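*Asks:* Sequence:
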Amino acid sequence: ELIAYMAKNMPKVNGVFLQAESEIAAINMVYGCGGTGVRCMTSSSSPGISLITEGISYLAAAQVPCVIVDVVRCGPGLGGIQPAHSDYFFVNKGFGHGDFNIPDYAPASIQEMIDLICEAFDVSDLYRTPVMIMA
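Quick note: the sequence shown uses the UniProt record's numbering, first residue 1, plus one each step.
The hints are simulated quantities; they were obtained by calculation from the structure and are not laboratory data. Here the structure is a predicted model, which means the values were calculated and not measured. One should not assume that every hint holds.
Computed spacing ranges between beta-carbons, pair by pair [unchecked claim]:
id : residue 1 : residue 2 : range
1  : F89       : V16       : 15 to 25 Å
2  : N101      : L51       : 17 to 27 Å
3  : G98       : A7        : 33 to 43 Å
Ideal Cβ placement from N, Cα and C applies to all residues, glycine included.
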């Protein structure tokens, strides 16, 4: 569980873990942190990504770097809990308000996920944009 791991381990590396009350609050916290120059990341699943699309649009327009992990699951609405590629077109073929694109990664293994999270932060900082990791 990502939340339990981050809550336990972020203080060990002088990091901060905050659990927001909603996806909308989480993306706005990311906006605030990223706007101050702090490296920040949030995670959600497919229905939650729909809720934070407006915030991601603001982040991209304001050139605020951050990393967003999308744990993709299939189905309309809330959908099921099985993994899927249902967010692929949404993220790659015209993301958010204003039909813009952001860098995204789709790791194929746990090791690749770890490696790509590190790379995503570097790419986000370099190009001053949100970066999506589709898990």
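*Asks:* Are the hints correct? Go through all of them and say.
*Replies:* Going through the hints against the structure:
| no. | hint | result |
| --- | --- | --- |
| 1 | F89 <-> V16: 15 to 25 Å | 34 Å, violated |
| 2 | N101 <-> L51: 17 to 27 Å | 20 Å, holds |
| 3 | G98 <-> A7: 33 to 43 Å | 34 Å, holds |
In this structure, the one hint that does not hold is number 1.
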